[in-house]
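So the protein sequences, as listed, match chains Y and C.
When we follow my numbering, the leftmost residue of the first sequence carries the number 1, and every step to the right adds one.
When we follow my numbering, the leftmost residue of the second sequence carries the number 1001, and every step to the right adds one.
These aren't lab readings, by the way, just hints derived from the structure by calculation.
It should be emphasised that the depicted structure is a prediction, and the values quoted were computed from it without experimental measurement.
Please note: incorrect hints may appear among the correct ones.
[Said to hold, decoys possible] Simulated restraints, written as ranges between beta carbons of each label pair:
{"id": "1", "chain 1": "C", "residue 1": "1133", "chain 2": "Y", "residue 2": "248", "range": "39 to 45 Å"}
{"id": "2", "chain 1": "Y", "residue 1": "130", "chain 2": "C", "residue 2": "1153", "range": "46 to 52 Å"}
{"id": "3", "chain 1": "Y", "residue 1": "227", "chain 2": "C", "residue 2": "1071", "range": "48 to 54 Å"}
{"id": "4", "chain 1": "Y", "residue 1": "130", "chain 2": "C", "residue 2": "1157", "range": "54 to 60 Å"}
{"id": "5", "chain 1": "Y", "residue 1": "114", "chain 2": "C", "residue 2": "1176", "range": "57 to 63 Å"}
{"id": "6", "chain 1": "C", "residue 1": "1171", "chain 2": "Y", "residue 2": "130", "range": "56 to 62 Å"}
{"id": "7", "chain 1": "Y", "residue 1": "114", "chain 2": "C", "residue 2": "1129", "range": "42 to 48 Å"}
{"id": "8", "chain 1": "Y", "residue 1": "30", "chain 2": "C", "residue 2": "1050", "range": "19 to 25 Å"}
{"id": "9", "chain 1": "Y", "residue 1": "227", "chain 2": "C", "residue 2": "1133", "range": "29 to 35 Å"}
{"id": "10", "chain 1": "Y", "residue 1": "108", "chain 2": "C", "residue 2": "1127", "range": "51 to 57 Å"}
[To be verified] Here are the simulated EDC-like pairs of lysine to aspartate or glutamate, each with C-alpha atoms no more than 16 Å apart in a straight line:
{"id": "11", "chain 1": "C", "residue 1": "1171", "chain 2": "C", "residue 2": "1158"}
{"id": "12", "chain 1": "C", "residue 1": "1171", "chain 2": "Y", "residue 2": "8"}
{"id": "13", "chain 1": "C", "residue 1": "1167", "chain 2": "C", "residue 2": "1156"}
{"id": "14", "chain 1": "C", "residue 1": "1171", "chain 2": "C", "residue 2": "1161"}
{"id": "15", "chain 1": "C", "residue 1": "1069", "chain 2": "Y", "residue 2": "42"}
{"id": "16", "chain 1": "C", "residue 1": "1171", "chain 2": "C", "residue 2": "1153"}
{"id": "17", "chain 1": "C", "residue 1": "1069", "chain 2": "Y", "residue 2": "40"}
[Said to hold, decoys possible] Counterexamples of contact, computed for chain C against chain Y with all Cβ distances above 12 Å:
{"id": "18", "residue": "1073"}
{"id": "19", "residue": "1089"}
{"id": "20", "residue": "1140"}
{"id": "21", "residue": "1158"}
{"id": "22", "residue": "1163"}
Positions of the beta carbon are idealized from the N, C-alpha and C atoms, including for glycine.
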Amino acid sequence: MTTTADIERLLREALTDHAEAAMNQTDTQHELDVFEAAAERDRHRERPRSVLALAGLAAAAAVIAGAVLWDGGPTTQEPAPPVSPEPTRAESVASDFLAAYDADDRSTLRSFLAEDADIVTTWAGYGGVEGLMRSSRWDAAFGRRMVSVDCVELGPGADGGTKISCTETSHAAGSEELGRGPWTGDVTFVTVEADLVTEYSINSASNRNGYQEEMYAPLDAWLTANHADQRDLLLALLDPAADPDTVRSALELWERYIEEYGAAVQAGEAA
Amino acid sequence: VENVSHLDEVDALRDLGARGVSDGHVQVSVSDLFRAHHRRLVGLASLLVDDRGSAEEVVQDAFLSLHRKYGSLRDPSLALTYLNRSVVNGARDRLRRKQRFVGVALRGRPVSEELGSAEQAAVSHEQSEQLWLAIGGLSRRQREVLVLRYYLDQTEAEIAEVLGVSKGSVKVHASRGLTALAHRLEADR
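Okay, chain C solo, but in the shape it has when bound (with noise of 0.2 Å):
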């Protein structure tokens, strides 16, 4: 168990999308950009989707679909943006086939449900839980906002970028979605 900050890691993406790669390096680079930001793209999707499996298999996703384009990415330095895209548009569309039944199936058997336990676990802070919870009951875009603003602060342009919407779009997503919070928490008091 490593406990480094997201944080930490944000700046080793810059430097190793900076070095670039030459032909024939592809794997090698796409396993370094691996090596670097998987836990960070981790966190980031496993605020996105309902589980750390899905979470992983987000993640898996987005840097199989940028080895594939890597080669042909004209700035490897927006490889930070384009997994951070990817990684938003696959939990969006995990989400819409997301499952209706609450047993998890690995190698088509259910799996022990210490596992879900576990990983609630470590969210201790009762505030903190509260207003997990709520985050999930707020609408799909809302949440892309919120956790793009204040988990990876990215400024309102940026997430216009990921998100493909403008930024006045942005604006009133995040204030929506922050109203919609501040109620479910006075509610539950």
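Bound conformation, chain Y alone (with noise of 0.2 Å):
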């Protein structure tokens, strides 16, 4: 017979072994740059500030970018447009590195890297530079591209250099031809000394921003539905031991599944 006391025990052990498992695999420093960036967004809501725009969108960036700053802000009849200040080195060099990517321009992306360079990527045990370059290949199968993106100094980072925050807005797997996205909020943090990228790290923000209930669960299921035979060739991408053949065949894989998704909505065929 389990008493109370037995289940309150029990209980309390419970929850402090879960707890403290979840503790002790939180990035405290990571997470506080994340918080930091937020609120330096929030502050940069509050005055003026340019959009840096990629190619062909700056136009509508700056008018987002405008109607955003000054929505609430002090009225007079003609209001002044806003201030737009030239972007610092650093962060010029932090958006060319991140158009670098969301271009697979490899070559200029490993131009930008620093030799001992710091990466991590959102793969359990698949950073490095490496890590860095499959990420690029499979977010451009994966049909992953950028709409603007922003970025701030932060200031100086922690083994010296410019630490840059740059929040990206960006289409994926279709989602534009499909009437979906653009989803914002994902923050790719880069630090920047002598124009070379020698820190970079990301924080998704797919959790939350709508992407995973508006794009991605629905292409999870018809995936599930109509592949479920290639799941391990479309994962193994996440391993770093995969050989390029393997590579090359699951990239070419997402690709066409993709388009095949794509195409299954317009048919009226999948959600």
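Hints in hand, dock the two standalone chains.
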């Protein structure tokens, strides 16, 4: 017979075990960087600032930035246009670096990296330069495309250089053609020193910016329903040891399935 | 990896909160609070949602909300209560939007399943794990009450304030939650 005291003891133990497992796996410094970047963006909303937009979208981004920046601002008959200070050198390097990533221009991407750059991808156990290169290839195959990126200096990096936070707005998996997205909030942190990227890490907002519900969940369901037998190959990209042929096949499969999915949605055969 | 118990961190927030802030130093102070209490709050959130990633996001949202309101807080020592409440409410919202699929995507792609299994690996004690599974079967309110009572050691009055319910309601949910857990454990034997 389990007494109430037994249950209470076991309950405390279970809660403490589970909470401390999460506590010991979280990276407080990284999360603090994310928080301070968001707080910085909050402050920027209160004062005019330029948005670094990718080619072809600069005008649209400027209109949006202007509309947001002046919303709720001082009331005048003829409000002055927002001031657009030039981005700093480090901010420009960061946005150019991300533009190279977005274009899957891996040689340019490599040229931005310091020799001993510290690179953390979202993949468990797979970072470094090669992890970043595969990430760039996969994002291209997945149809991820940045619409705009807003890079802001956060201050000195822990080991020198200048830490930059870049907030991205992007489409993915054919979302634009399907009338979904884009989604905002993925943040890339880079540290720039002597025009080179010395640190890179990302913080995804895909769990909270609507992307999961609107795009990934229906795609995931369609893949599960139609191509479950290819799951291992699709996820082989997560394996640092995957051979080049497997990687190529997996990338081609992602590209093909995303096209098929888009066609299925357009034909009313998928959500 | 820091192996510091959440209980070691509780007093630090009170100290920081009691220090107060002056205008213009909001960011520094909230960052101090973040450094001191982020891990503890991720622990708390992890008990109310189903994965660490969601827990971290709930905590981020709580600190951002605090940051936006910190200057208008009359009593900075209330920051602890504010953060706890934000985490509980944020976790509740997150569960309402709970995803229906297994795969977790980061930057649009699936992420290694190793992440999930690594999180589970730390919970090794068999009975503890069994009970954790049973906690997942409780009603949302029962789970919240038991977490606040047995993890944060809050009183019924404190729990009632955080959840915005009466003390009587807290007592009922705690009692029913414990009974449900006892039945589940007996059934599993």
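Evaluation of the provided hints:
| no. | hint | in the structure |
| --- | --- | --- |
| 1 | C:1133 - Y:248: 39 to 45 Å | holds, 42 Å |
| 2 | Y:130 - C:1153: 46 to 52 Å | holds, 48 Å |
| 3 | Y:227 - C:1071: 48 to 54 Å | holds, 52 Å |
| 4 | Y:130 - C:1157: 54 to 60 Å | holds, 56 Å |
| 5 | Y:114 - C:1176: 57 to 63 Å | holds, 58 Å |
| 6 | C:1171 - Y:130: 56 to 62 Å | holds, 57 Å |
| 7 | Y:114 - C:1129: 42 to 48 Å | holds, 44 Å |
| 8 | Y:30 - C:1050: 19 to 25 Å | holds, 21 Å |
| 9 | Y:227 - C:1133: 29 to 35 Å | holds, 32 Å |
| 10 | Y:108 - C:1127: 51 to 57 Å | holds, 56 Å |
| 11 | C:1171 - C:1158 | holds, 12 Å |
| 12 | C:1171 - Y:8 | holds, 14 Å |
| 13 | C:1167 - C:1156 | holds, 6 Å |
| 14 | C:1171 - C:1161 | holds, 13 Å |
| 15 | C:1069 - Y:42 | holds, 12 Å |
| 16 | C:1171 - C:1153 | holds, 14 Å |
| 17 | C:1069 - Y:40 | holds, 15 Å |
| 18 | 1073 | holds, 16 Å |
| 19 | 1089 | holds, 15 Å |
| 20 | 1140 | holds, 16 Å |
| 21 | 1158 | holds, 17 Å |
| 22 | 1163 | holds, 17 Å |
Of the hints listed earlier, there is not a single one the structure fails to meet.
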